[in-house]
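**Q** FYI, UniProt numbering numbers position 372 of the first sequence as 372, with every residue one higher than the one before it.
Worth flagging that the hints you see were computed from the coordinates, not collected in a lab. Treat the hints loosely; a few may be bogus.
Stated by the list, open to error - DMTMM-like mimics (lysine to aspartate or glutamate), calculated; alpha carbons at most 20 Å apart, straight line:
hint	residue 1	residue 2
1	211	144
2	22	38
3	401	364
4	217	172
5	102	296
6	397	344
7	321	364
8	102	81
9	401	417
10	250	155
11	346	366
12	71	92
13	211	255
14	189	155
15	381	366
16	224	302
17	217	190
18	391	418
19	250	232
20	391	344
21	353	418
22	217	235
23	346	418
24	234	172
25	217	194
26	353	364
27	397	417
28	346	328
29	102	254
30	94	38
31	369	415
32	102	92
33	401	313
34	428	407
35	368	407
36	7	313
37	63	81
38	224	254
39	428	417
All figures in this text were calculated on a predicted structure; none of them were measured in a lab.
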Amino acid sequence: MRVQRPKGTVDILPATSSQWEKVEQTARDLFKRANYREIRTPSFENYELFSRSSGETSDVVEKEMYDFNDKGGRHIALRPEGTAGVVRAYVENKIYGPDYVKPFNVYYIAPMYRYERPQAGRQREFHQIGVESFGSNGYLADVETILLGHDLLAELGVKNYELHINTLGDSDVRAAYHDALVNYFTPVKDQLSEDSQRRLDKNPLRILDSKAEEDQKFLPDAPKIREYLDDESKETFEKILATLDKLGVKYVIDDDLVRGLDYYTGVIFEFMVDDKSLWASPSTVLGGGRYNHLVEEFDGPETPAVGFGIGEERLMLVLSKQNPEMFEDQGIDFFIANIGEGTDLKAVEVARKIRSLGFSAQYDVDQKKLKAQFRKADRVKASYVITLGAKEVAEGKLTIKRLSDGEQFSASFADLEDKEALLAVLAK
RNA sequence: GCGGUAUUGGUGAAGUGGUUAACACACUGGUUUGUGGAUCCAGCAUACGUGGGUUCGAUUCCCACAUACCGCCCCA
1 MRVQRPKGTV
11 DILPATSSQW
21 EKVEQTARDL
31 FKRANYREIR
41 TPSFENYELF
51 SRSSGETSDV
61 VEKEMYDFND
71 KGGRHIALRP
81 EGTAGVVRAY
91 VENKIYGPDY
101 VKPFNVYYIA
111 PMYRYERPQA
121 GRQREFHQIG
131 VESFGSNGYL
141 ADVETILLGH
151 DLLAELGVKN
161 YELHINTLGD
171 SDVRAAYHDA
181 LVNYFTPVKD
191 QLSEDSQRRL
201 DKNPLRILDS
211 KAEEDQKFLP
221 DAPKIREYLD
231 DESKETFEKI
241 LATLDKLGVK
251 YVIDDDLVRG
261 LDYYTGVIFE
271 FMVDDKSLWA
281 SPSTVLGGGR
291 YNHLVEEFDG
301 PETPAVGFGI
311 GEERLMLVLS
321 KQNPEMFEDQ
331 GIDFFIANIG
341 EGTDLKAVEV
351 ARKIRSLGFS
361 AQYDVDQKKL
371 KAQFRKADRV
381 KASYVITLGA
391 KEVAEGKLTI
401 KRLSDGEQFS
411 ASFADLEDKE
421 ALLAVLAK
């Protein structure tokens with residue numbers, strides 16, 4: 001039977017998985033230093049969790065949800081994003097209680113699922129790195145979240161990224177602004193693009209970043225969210241911006257920035273990468289914002305929260321272009337080549353000994369001819385080849401050859417007893 | 001969900017309605033039976049995504065499906 005992986009999925013093979021490891025390790029290290037700890041939640045949840053949190057009419061829910069009924073008749077959905085599950089876990093485990101230090105800061109690195117038409121950097125199973133912070137409505141919580149995103153991209157070596165930032169205000173503001181947009185666009189509805197006419201009913205905010213030519217002339221004069229902000233929202237936004245200024249973090253206030261999910265309530269932001277060799281127009285690699293009502297939505301106490309998510313596939317795409325050094329194959333430290341009767345056992349012992357010192361080492365389980373063993377050493381990018389022959393074994397000696405220049409070193413088995421001794425031999 | 005392009009070996013690819021599917025790289029073996037990355041020799045496709053159809057005959061024509069990619073929608 002010939003089998004094929006499901007549409008929109010990929011196999012991450014060893015050549016690539018080592019790159020993923022590096023990226024994820026960088027993220028984990030940074031989060032750990034900021035005292036964000038990992039949370040792992042189920043990859044599937046009850047359908048309603050996502051339909052409620054993302055918005056019934058959002059595209060994610062309407063057409064991208066990977067859902068099914070299980071054998072017990074439960075309506076299940078594979079998670080399309082990370083926040084809802086974390087919020088559910090927050091409430092279900094009563095983390096809002098006094099036993100937990102606030103804010104409650106967590107991160108996750110996990111697969112997500114969306115039933116979509118695949119493209120480069122967009123799959124049905126994809127991965128997100130995300131952070132969430134629960135319990136603080138302080139502007140510094142917003143700043144901290146933005147900084148984490150910023151610093152992560154910087155540590156990874158992403159170039160040409162731009163922070164776009166905007167604020168949606170609280171639900172009253174959103175409602176008022178929503179109405180204002182509808183009032184503004186409805187009179188000219190038949191002049192709008194087909195897509196935008198549909199958006200007018202469903203999600204008027206979306207019209208703002210329409211690419212359709214017909215829509216462009218209406219956009220500059222469209223009402224701005226800032227005109228509808230309450231004083232508190234305005235003040236918080238100003239504080240966030242002022243702090244970013246003082247910290248030297250560059251940003252662009254983007255009136256047209258609207259995130260696709262319904263649950264955002266305050267500041268929203270995206271880090272966009274402009275790389276013409278990857279995408280015609282700047283693309284978002286990291287997006288997030290404040291969502292102060294989601295915990296209540298799931299019957300938890302009123303709890304402010306803020307977070308972001310990174311699309312890992314997109315991030316990898318960017319890094320492969322912008323930081324190729326990070327992705328170079330390192331190879332192994334030692335390859336043990338052996339020749340002659342009874343030397344195979346010694347090769348195994350030497351390899352294990354070397355590994356115990358913390359080096360990487362491999363020997364030829366196929367026991368091919370010496371020449372073939374050397375060829376294999378080249379292919380696995382070994383730095384050194386240790387040659388073991390009957391003669392060496394008898395004398396308690398071994399030869400170490402540096403493949404880069406062919407230099408040979410003579411060592412004794414005693415030199416394998418500790419790392420310093422071995423390094424000393426190689427330093428000669 | 002809509003529109004478009006593509007699909008030949010491990011890889012990059014050439015090519016044709018008709019006995020043996022070019023070339024290159026990679027790989028494997030050999031080139032004095034203990035030393036690699038060079039040269040040389042040899043080997044290396046279940047037959048051209050899957051299934052139908054047209055045809056005396058299809059990898060080459062048609063249709064469907066699958067998958068990938070591009071654009072839209074949307075988004076990470």
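**Q** Check each numbered hint against the structure and report the violated ones by number, ascending.
**A** Numbers 1, 4, 7, 8, 12, 14, 16, 18, 19, 22, 28, 29, 31, 33, 35 - these are the hints that the structure violates, sorted from lowest upward.
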